[in-house]
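Here the protein sequences come in this chain order: A and B.
Counting the first sequence from 1 gives a position; this note's numbering is that position plus 1000.
Counting the second sequence from 1 gives a position; this note's numbering is that position plus 95.
Since the hints were derived computationally from the structure, they do not count as laboratory data.
Backbone N, C-alpha and C define an ideal beta-carbon position, used for all residues, glycine too.
Errors might be hidden in some of the hints.
Using C-beta positions, here's what the derived DEER-type ranges look like [what the hints assert, rightly or not]: (1) B/Ala115 to A/Val1300: 40 to 46 Å; (2) A/Arg1365 to B/Arg284: 41 to 47 Å; (3) A/Arg1369 to B/His128: 56 to 62 Å; (4) A/Val1265 to B/Glu164: 52 to 58 Å; (5) A/Arg1006 to B/Glu98: 35 to 41 Å; (6) B/Ser270 to A/Arg1365: 29 to 35 Å; (7) B/Asp174 to A/Glu1237: 55 to 61 Å; (8) B/Arg155 to A/Leu1354: 33 to 39 Å; (9) A/Leu1354 to B/Glu104: 49 to 55 Å; (10) A/Ile1280 to B/Ile171: 28 to 34 Å; (11) B/Arg284 to A/Val1300: 38 to 44 Å.
Residues per chain, in single letters:
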Amino acid sequence: MPGIYRIAFKLLVNDRSKYAALLVGITFAVFLMIEMTSLFSGILSRASATVINIGASVWVMDPAVQTVANTIPLPDYVLDEVRSLPGVRYAVPLYSGSALLKLGDGTYQAANIMGLDDTSLFGRPQIVSGKIEDIFAENAFIAVKDSEFYKLENPGIGTEFELNDHRGKIVAIAHVASSGLFGVPTLYTTYNRCLQYIPNTRFTISYLLVEPNTPADIVLIKQRVAAAGYLALTKSEFMQQISTFYEFHTGIGTNMLLMTLISFVIGLSISGQTFYTFIIENLEKFGALKAIGAKGRELVSMILFQATFVSLTGYGLGVGLCALVIWLARLYLPDYAAIITAGNLALAFSMVVLIATVSSYIGVRKVLRIEPFDIFRG
Amino acid sequence: MTEIAVTAEGLNKWFGEGEARTHAVKDVNFEAHFGEMLYVVGPSGSGKTTMLSMISGILRPNSGGVRIEGTDIWSISDDALAEFRLHKIGFVFQDYHLFPHLTTAENAAIPLILQHRPWNEALSEAEHDLEVVGLRTRASLPPVKLSGGEQQRVAIARAIVSRPDIMVLDEPTASLDGDTGRTILQFVREHLLTEKRCIIIVTHDSRIYEFADRIMRMEDGRLTGFDKGSLDAQ
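Turn these sequences into a full structure, and let the hints steer you where they fit.
Here it is in structure tokens:
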């Protein structure tokens, strides 16, 4: 490390109170920014849980659908039409709805009910207890063991409940990749059993799940579906559409953005103020260095080094603290909705770079303005 | 004491404009020589520090020029002037201006570090100069652990570490008691003044006049005359 940076480093870290204040400010800001954005990412991921868990390549829906939970039933002929499109290897219906279960103790519990295509069981969950073929048994349902599982009174295989005056029976326990957003347990059964058990509208298909012959066929499938008056989205497009809805049409995104900005302002205020005080207290010393023979750009590079070092250290600590908090939270809340993504980290990093830039700009201005003569004059 | 180290020609400096204008230094001409310890004395506000700043290359005069070893320092670029100061001039400031969060050795090594010398080499040379000023054992302490006189000696070690031809000391005894001040100046006179070095000291302190070769008197920004220095001046 060049000597002037070593001096800058020692001036920074040996002034322990200010160094600690700078680190606390930036760490806290980074922690809040990443925690906020991670929570939002978690919410967005949960909002797309059905899309993730079912895993179809292409989803066909009514064009007015905004989120996967907001289904608009499709007529049966759409299934036939899609199946007849060139490039479609297969297409199956999916039922996605909700129902009120009457549990063994007499209490009622809302639940998501997923109805899989009776023939293929496409989109079936990973079975952890029991057998998937038991889904064809009388009154059979598969319970998903996620954070909401306990709301079904932690059922085992054979546990019974009532659904719209029909008897239901748990035949298997399953695991899915992502839990849902709305805090209700999920049951899987067959598509036709859903139609029998749950009151329905005239049309009953929630989504069509389509597998193209090749990825290149997707474009044509989307065009042909659009020509029929419906919408075909790839898995990632559907997830993006859901994210966009929550980001811009629910207020959640705005609130999270606001909290992130407040975190940024807090970090900027604490670190900017502390760095300014640090520079002011060392101003005469920087003036002395200038008198001795340090060039302006060397002093600027020392300040930039200090700002960069403390910012990156604070960033690392903030990321670590956030990861620790999420890890601890998940020990007690296994499906705690927070996901640290590359985007969250990049956003927080850019905010930290901005904090470092503003803080060092204040310092640089002060140091460049100090006249060595002022040091002589005292 | 014949070779000229510093030449000041027609130096003028004023601050402010219009009625608020203060003419701090008025048409000052003098020469300082290698092997000479030159004092600049005068009452407060007489322009001593302003004049010292101009001849050491940190305050640009409004008119006139300064030549150090033949170089017209105010005709070169700011970067070249900074480089010139770094290699040719050693500064001892009135308030020392030591970094409290660096060790004594690191403080003394600063000019060498600014010259981009390797860290360990710079520290080694600084420790040698701390030995010269009698502070070798204090090298790893921060300046705040040192007495005023010791801090002054650290500042002196920092000033001499780059082997400057010109040393500039601003009120070096202002924060010291009489005995310590005399000890410091005696040390400077005996150990730092060489035939290849010129030392210029701004001071109010008549107790240290005995160490001067010449004493330059200033009043109201003007050079009013020279005394021979030493006891003659008192």
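Results for each hint:
About 32 Å separates the C-beta atoms of alanine 115 of chain B and valine 1300 of chain A, a value inconsistent with the hinted range of 40 to 46 Å. Checking the proposed 41 to 47 Å range against arginine 1365 of chain A and arginine 284 of chain B shows it holds: the Cβ atoms sit about 42 Å from each other. Between arginine 1369 of chain A and histidine 128 of chain B the Cβ separation comes to about 36 Å, which falls outside the hinted range of 56 to 62 Å. Judged by the Cβ atoms, the range 52 to 58 Å given for valine 1265 of chain A and glutamate 164 of chain B holds: they are separated by roughly 55 Å.
A C-beta distance of roughly 38 Å is found between arginine 1006 of chain A and glutamate 98 of chain B, which places it inside the suggested range of 35 to 41 Å. At roughly 31 Å, the beta-carbon separation of serine 270 of chain B and arginine 1365 of chain A lies within the given 29 to 35 Å, and the hint holds. The hinted window of 55 to 61 Å between aspartate 174 of chain B and glutamate 1237 of chain A holds, with their beta carbons roughly 57 Å apart. Checked against the hint of 33 to 39 Å, the pair arginine 155 of chain B and leucine 1354 of chain A passes, with Cβ atoms roughly 37 Å apart.
At about 51 Å, the beta-carbon gap between leucine 1354 of chain A and glutamate 104 of chain B stays in the expected band of 49 to 55 Å. The hinted window of 28 to 34 Å between isoleucine 1280 of chain A and isoleucine 171 of chain B holds, with their beta carbons roughly 31 Å apart. Taken as a hint, the range 38 to 44 Å holds for the pair arginine 284 of chain B and valine 1300 of chain A, whose Cβ atoms sit roughly 39 Å apart.
Checked against the numbered hints given earlier, the structure breaks hints 1, 3 and satisfies all the rest.
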